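Novice: What follows is each chain in one-letter form.
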Amino acid sequence: MKLVAVSAGLSTPSSTRLLADRLTDTVRDELADQGHKADVDVIELRALAVAIANNLVTGFPPPQLAAAIEAVTSADGLVTVTPVFSASYSGLFKSFFDLIDPGALTGKTVLIGATGGTPRHSLVLEHALRPLFTYLRTVVLPTGVYAASEDWGSGSDAHTEGLPARIRRAGREMASILVARATDPLPEDDLALSKKKLSDLRFD
Amino acid sequence: MQFGIFSVGDVTPDPTTVRTPTEAERIKAMVAIALKAEEVGLDVFATGEHHNPPFVPSSPTTMLGYIAAKTDKLVLSTATTLITTNDPVKIAEDFAMLQHLADGRVDLMMGRGNTGPVYPWFGQDIRKGIDLAIENYALLRRLWREDVVDWEGKFRTPLQGFTATPRPLDGVPPFVWHGSIRSPEIAELAAFYGDGFFHNNIFWPADHTKRMVELYRTRYAHYGHGTPEQAIVGLGGQVFMRRNSQDAVREFRPYFDNAPVYGHGPSLEDFTDQTPLTVGSPQQVIEKTLTFREYAGDYQRQLFLMDHAGVPLKTVLEQLDLLGEEVVPVLRKEFAVGRPTDVPEAPTHQSLLAATAEATPEASSEGMTAA
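Going down the list, the protein sequences come from chains A and B.
Every letter in the first sequence is one number past the one before it in full-length UniProt numbering, and letter 70, counting from 1, is 70.
Every letter in the second sequence is one number past the one before it in full-length UniProt numbering, and letter 4, counting from 1, is 4.
Be careful, since some hints might not be right.
Stated by the list, open to error - Okay, the calculated bits of chain A under chain B, using three or more residues with CB under 8 Å as the criterion:
#1 50-57
#2 60-72
Claimed, not checked - Ranges between beta-carbon positions, derived for each pair:
#3 Val139/A x Ala359/B: 51 to 61 Å
#4 Val50/A x Lys333/B: 36 to 46 Å
#5 Arg46/A x Gly263/B: 18 to 28 Å
#6 Ala355/B x Gly107/A: 46 to 56 Å
#7 Glu152/B x Gln64/A: 49 to 59 Å
#8 Val139/A x Tyr223/B: 55 to 65 Å
#9 Asp298/B x Glu70/A: 26 to 36 Å
#10 Ala67/A x Gly263/B: 18 to 28 Å
#11 Ala180/A x Gly338/B: 48 to 58 Å
#12 Ala180/A x Tyr223/B: 40 to 50 Å
#13 Arg250/B x Ser149/A: 26 to 36 Å
#14 Pro260/B x Val50/A: 15 to 25 Å
#15 Glu70/A x Thr341/B: 36 to 46 Å
#16 Glu318/B x Glu70/A: 41 to 51 Å
As the list claims (entries may be wrong) - Sample of chain B residues with no beta-carbon within 10 Å of chain A, all distances over it, derived:
#17 Ala32
#18 Phe55
#19 Asp87
#20 Gln124
#21 Leu169
#22 Pro254
#23 Val261
#24 Asp270
#25 Gln284
#26 Leu317
#27 Glu334
#28 Pro344
#29 Glu345
#30 Ala354
#31 Ala357
Please keep in mind that the hints were generated in silico from the structure rather than gathered at the bench.
Everything numeric in this text was worked out from a predicted model, so none of it was measured.
Think of the CB as a built atom: it goes at the ideal place given N, C-alpha and C, for glycine as much as any other residue.
Kindly produce the complete structure, drawing on both the sequences and the hints.
Specialist: Below, the structure written as structure tokens:
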């Protein structure tokens, strides 16, 4: 099974990347518990910032960005994490998803996450990320994970409603949906394939 | 194989002098470029069609008619003619008129146009772009092939007992190419009618062009016009040359960095790697252009974009000298090597006339049934 995380964190090290890693690790562990092996690929948008801007200008992705888009569109499950900028996802995060064909993520299982300086931004998951991924016709998990600065320092464990428990719950949710859907593959007949080929021709 | 140039007709400030040519200067420059194309032995000049600044060529047949009077051999074409927002009746008449004046040295390339605001200026809606292209083109074909047309469609007023005048020269409609960057429907349309398919092949990576051309070739064969290899393919290309490649890079960089389409985006080096753009010596242009055949197959027409992004007329004319004297003669020779004998040349008025003469009288009604 292929799991891809998209992290829009801008600093190094980045708490956004840290959250992405913890979410994907948890999903992978949960999948392993259920007897499924998962390959994990993390895409750092910071490294693609210039390529993303170039794609916006020219209309086609440079090779390293094309590879990232391919990874995202071919993943079984997506973990997407963005820092909160001006009450929403960051511009870099949005620009990356703007470059993916609107139909290319249809039906994909998506776990949404965000990081911010204060817990008061936590609804960004519901008023910004969830509508974006619903528009893209993905299956967005009920549980999203928001981590404020104080969450990283608060003492909590798997039995309280702290960050570790929320990560755990989201990880389980994603794993169980991925497993359920893995045994129920969508039929792909010749017609669907040829339609896909036609839509692949569009870069916009 | 045909070689030529295609112009977008943009009026762009020269970034090295910060001077913007006047519209009059730009229009006359396009004419000078066309005349130079004939002088240096190129086969085709094609002008774009635009109805918004900073572009000047809103009236291609006026410009091409003037060029026709001043040239003898050059094929006059468009890149592209807007089949969506132009009335097909007017296209039929304008280009038939041009055909007579140019003794048949006319073909045209259909395109949809890509700017939303232009559509409503001509009473149309960009969301209907594909439907307009299909319906208008079907009518255009009939207007050129049937003397009296009764017609009714969705997008224009019906026609009753209508005859487009003048009739096409010798009863042979101009050959049509369909230009598309990324709409598979247009490749399908070209294939359906057995018309030519042109990919602009600039600004986009080769693998994208390859997929579009492959789709067109496959569908061309599907509709029974011949083998995929016999389909009529045209490609664009974009070059800037100096004898010394470093000089070419140094001189072109400010134009590249400020070009309307990709300026302030990727570096010249990245863009050269990722797209068909060649900036360098004539030999480098020859080498890269020859690679086009690797992904598009043996094709019929190669047009280069040279006069855009504010490159001054004097420089463009120097480019054309290099193209005509050093590049195209080698390309003609090299593209002929290993070219299968059953792959046709680009259709011309003479070749279409000869084909019509050979065909049986019944075959002349083919266009009616295809439409």
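Novice: Could you let me know if the closest chain A CB is still more than 10 Å away from the CB of glutamate 334/B?
Specialist: 28 Å, holds
Novice: Does alanine 357/B really sit off the interface, with its C-beta more than 10 Å from all C-beta atoms of chain A?
Specialist: Holds, since 39 Å exceeds 10 Å.
Novice: Taking the CB of valine 139/A and the CB of alanine 359/B, does the distance hold inside 51 to 61 Å?
Specialist: 58 Å, holds
Novice: Regarding the assertion that leucine 169/B does not contact chain A, is the least Cβ-Cβ distance greater than 10 Å?
Specialist: 36 Å, holds
Novice: Within 40 to 50 Å or not, the Cβ separation of alanine 180/A and tyrosine 223/B?
Specialist: 45 Å, holds
Novice: Hey, does proline 344/B actually stay past 10 Å from chain A on C-beta?
Specialist: 26 Å, holds
Novice: Does the beta carbon distance between arginine 46/A and glycine 263/B stay inside 18 to 28 Å, or does it fall outside?
Specialist: With a Cβ separation near 24 Å, arginine 46/A and glycine 263/B satisfy 18 to 28 Å, so the hint holds.
Novice: Verify that the Cβ of leucine 317/B lies farther than 10 Å from every Cβ atom of chain A, and report whether the claim holds or is violated.
Specialist: Holds, since 28 Å exceeds 10 Å.
Novice: With 36 to 46 Å as the target window, see if valine 50/A and lysine 333/B comply at their CB atoms.
Specialist: 41 Å, holds
Novice: Does the no-contact call for glutamate 345/B survive, Cβ to all of chain A over 10 Å?
Specialist: Holds: least Cβ distance 28 Å, greater than 10 Å.
Novice: Could you let me know if the closest chain A CB is still more than 10 Å away from the CB of proline 254/B?
Specialist: 17 Å, holds
Novice: Decide, holds or violated, for the assertion that all CB atoms of chain A are farther than 10 Å from the CB of alanine 32/B.
Specialist: At roughly 30 Å from the nearest Cβ of chain A, alanine 32/B sits farther out than 10 Å, so the non-interface label holds.
Hint compliance for this structure: hints 8, 13, 23, 24 are not met, and every other hint is.
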